[in-house]
Amino acid sequence: MAENKKVLVIGGGFSGLTAAVETAEAGSEVIIVEKTPYFGGRVTQLNKYFPKLCPPNCGLEMNFKRIKNSSDVTFYTLAEVEKISGQEGNFEVTVKVKPRYVNDKCVGCNACAEACPVEMPNEFNFGLDTTKAAYITHNQAFPFLYAIDDRYCKGKACAKCVAACKYDAIDLDMKSETITLNVGSIIMAAGWDLYDISKLDNLGAGKIKNVITNMQMERLASPNGPTGGKILRPSDGKEVSNIAFVQCAGSRDENHLPYCSFICCMASLKQTTYLREQYPDSKAQIFYIDIRTPGRYEQFYWKVKEDPNVTLTKGKVARITEDAATGNVIVEAEDIFAGKKIKQTFDMVVLAAGMVPSTKNSKIPVDATLTADGFVQPATLKKGVYAVGTLKSPVDVAKSVQDATGVAIKSIQSVRR
Amino acid sequence: MEKKFGVYICKGCGIGDTVDIEKLKKNTVGGARIAAELIKEHDILCSPAGLEMIRNDIKEGTNTLVIGACSPRVKYEEFDFPGTLIERVNLREFVSWTAEPMTDATQTLAEDYVKMGVIKTQKGNLPEPNILQDLSNALVVIGGGITGLTAALEAANAGYQVTIVEKEAELGGWAAKLYKETPRQYPFDKLDEPQVFAKIKEVESHHNIKVYKSSIVEKTDGQPGLFDVTISGNGASETIRAGAFIVAAGWKPYDASKLTHLGYGNPNVITSVDMEEMAKKGKIVRPSDGKEAKKVAFIQCAGSRDANHLPYCSSFCCATSLKQAKYVREKSSDSVAMIFYKDIRTPGQTELFYKSMQNDPGVLLTKGDVTGVTDAGNGNLIVEADNTLLGEKVQVEADLVVLAIGVVPATRGPQEYLDGLVEAGKKGDDAKKEFIEGTEKPPFLLNLTYRQGPELPSLEGASGFADSNFICFQYETRRTGIYTAGCVRQPMNMTEAASDAAGAALKAIQCVEHVAKGIAVHPRAWDTTFPDPMMIKCTSCKRCTEECPFGAIDEDEKGTPSYRINRCRRCGTCMGACPERIVSFKDFSVDIVGSQIKGVDINEDDFRVIVLACENDAYPALDSAAIKRIKISPSVRIIPVRCLGSTNLVWVTDAFSTGIDGMILLGCKYGENYQCHFVKGSELANYRFSKVKETLDKLQLESDRCQLMQVSISDYDKLPEMINDFVARVEEIGPNPFKEF
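Sequence order for the protein chains is A and B. With the numbering used here, the residue at position 12 of the first sequence is 12, and numbering never jumps. With the numbering used here, the residue at position 697 of the second sequence is 697, and numbering never jumps.
Incorrect hints may appear among the rest.
Not the full set, but computed from the structure, chain B residues with beta-carbon under 8 angstroms of chain A [to be verified]:
hint: 1; residue: G12
hint: 2; residue: E154
hint: 3; residue: A462
hint: 4; residue: L696
For the record, the hints were derived by calculation from the structure and aren't laboratory data. Glycine included, C-beta positions come from ideal geometry on N, C-alpha and C.
Turn these sequences into a full structure, and let the hints guide you.
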């Protein structure tokens, strides 16, 4: 019999949240450990989902509501698992909880951020703007508590936020804590990162201002993003009239990521609708190897194709360069159907950058055999430990949800054995 | 429970600087008839001292709390007092953060909100769960292919009894007919042996699983926890009690006889399904003469991605053809496999398999549109393709042509039949009769005795797949306790189907666990309230039975609605539909909201606009606007509702007859890509709302005074302006003439 009936979920992105609430609603106690100050992971950074073009915060809000209404879900933010010992039914987990410097008395009034003199790069917006060192990522963040980033905060020498807070919610003396959790089963949902585009020399290596990633495009189009949802190009804040989307930026490339990142075709097709909706005369051109819109996603592809201002060009992009005088971007590519090389100028280029499992940037806390690309091979995991979603293979949100729900039953089996 | 009230007003977060608290308290004494000593204030109510004040009162017997502070979306742990009836009045987001401080209008706004909160607790009651008797937590799985077997095993291994109903004589489905499977594991370069046989063995020896072969579900009666399922087959029939279903009835290949343009009909043109059978038998030959097939052409998208056939991609056919190309190549070293494709779709790590196949010089991949497959005269076939990468027409000769046939879900037949029946029914009895006589009835899967029909309702634009419309909630269906998995949901490969099966099994378990506790399932998986109609007043008008998005209400032989509580999702659509206003929840009813509306302060000089806001999306959007401190007209009174579908038109009458000047219904997007968490709620509200003009005409009022707006949770930047513009329009129309009465 399992000595401990609780389930630990590592990661509070959509996969982790789903695994947690689905497990809890089936009757098991769940603890979520999330390394950032907020839940929602990559999904919170998206403007809209494909193919419905609905806002991801809608589903997140529902899952937050499920957490709020459940007595079976507890969580730690700014927390990272350091060590796991034991076996199925009786794991001991060491978790380091980093200081938020803001306690539960925070009411979310924004006075600390107003008082804070430090501007820091806004990681939530992939560096497209800055934010204060006392910050909250956006107006629908959960938990709705501010956080202070100690990499930038000037500490007690400044303490302007402490003076500004009427609620005694800021504690610059807060220290890291190490806690021990006893659980019967563990679900890892540590998610993914974007492939580092600085490795893509021929595509500008991240040095051309108006060449952005697909995730930056999501932030540009989001109403809670750096431009309030207006697609403006980073170099000069100008409105854009034509954008090139470069598929497989890293993916399906032996020198970078040999696998297909699954989401990028649908993501770029979706992003053409952001552009087209905002600028009626604008043009979008997608350079691709194969358009991969499996299942009913095909319908979305057809819908986008109907737009005469969206051009799909089969061919690899050979080179991207900057026109220094205008900030425009020059794309050189082959047009396979036309059987020729083309050179075209765009206001902005979006790289459909690939998906990399988070194991590439931070080690997972259990023994697991990874593929050469960093994906967890689930069969090699210890009994009672499970991996979800993009840790195992590139998938979209829908497939992550399916997988997380499926893994929930595995974790329940583990704690009921 | 005898109610002992406590009203607590927070002065923090600017509330104390926006509103005259003493005046607010005085008004609450007068307006809401609460004794002065029961109304307390605190500088920071959510602080330990503030909470201590509330807890002390609870110790003294206070059990009904009105908390005038921030939005219920925050400080939910602090203001959680189990066993008490609590109403959170959102003075921070809806007053302090959105209205001008210390004006008369703002003062009245705050006073109205507190009064409305008090009314809600006066009228409402603490819910008690309704737990039905003789509940079963056993599951029924329809289909014994890879999905059904996996679902059964996952649930059985979690401790639940499972019955599998398989229409064929043997378990295994398509998975048992395969020669090999596409690679399941890294590095994805070797074909795997079929996994299904091990699963069949495990299922057949599992003490928690019972299997009915050559059987179908003939009838399903009841509701979650209390399904009576009649299983018939082998000349017998048996009825078992079950708690929930997993529909894993799988798929069938698209009708190849419709693909004559790809050569089907010629004996040497076969489908990918035939190819598995042939490979399994050992030899790959031309069916016409049994000659070994050394040049095999594969045509992708046979039916799929074609507006004339299947308007979707069948997802796994690219990998299947690559796999079958390997069969061809493994049989003989001088064989050639040619794949004609539109796009090679090997998403994720399946790409690695594609790469490994690309390295084989005997596999030729040609992008192009196949324009014809013709007989070469010698038993061979000529495949002709256009729009190839070479920019010219290509003709190749092949011994055998394999059509990568598309997937048709088992749910499509029943759905098309039933949709056809409904359409014919609209044209009259003769047309209906003609349809029944002239249409072959496909095999049904569930045969529900539900008033709304025997199968899962179709999802618009889903081509017969019983899919969820929600990206975030993949297992949502419109029949509580009935979950779908595998290729009835989406085209998917076997690895995905197995994972999908586990997900559906989990949802089925949740359902039986929740009905055992008398709690709703998603999206109100914490809710212990339930609709409690006062049947004595029911006129059997059937609106609730027709409108319920989840088919939760049947009718008895006299036509009187009978509520199957365990099918209910607690959206309140029945409550909104009922013209007699007899459906109520303990904490949400026509009377509660109507009384809140009637409690709003009306005076001749000010305009009043009621906003009924969907609590799932519109309400958080309003909160989010407030967080950005975007001003909203103080004429507005926001009342959250479970779903816009719960809006009863009497609220409109209530509002306008008491002198409210305008009304907005804020709900989710409806139509094909609906966002309503209750599927049909906002659409039904809109339907009812189209009739509001009649109501207003009767009152001799302008119909512009009422508007339904579709908003999403991310519309917070636009929403205040939309509301303020509406208020301005109402002001142009002028005050409601009923104010004078």
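Hint-by-hint comparison with the structure:
no.: 1; hint: G12; result: holds (7 angstroms)
no.: 2; hint: E154; result: holds (5 angstroms)
no.: 3; hint: A462; result: holds (7 angstroms)
no.: 4; hint: L696; result: violated (32 angstroms)
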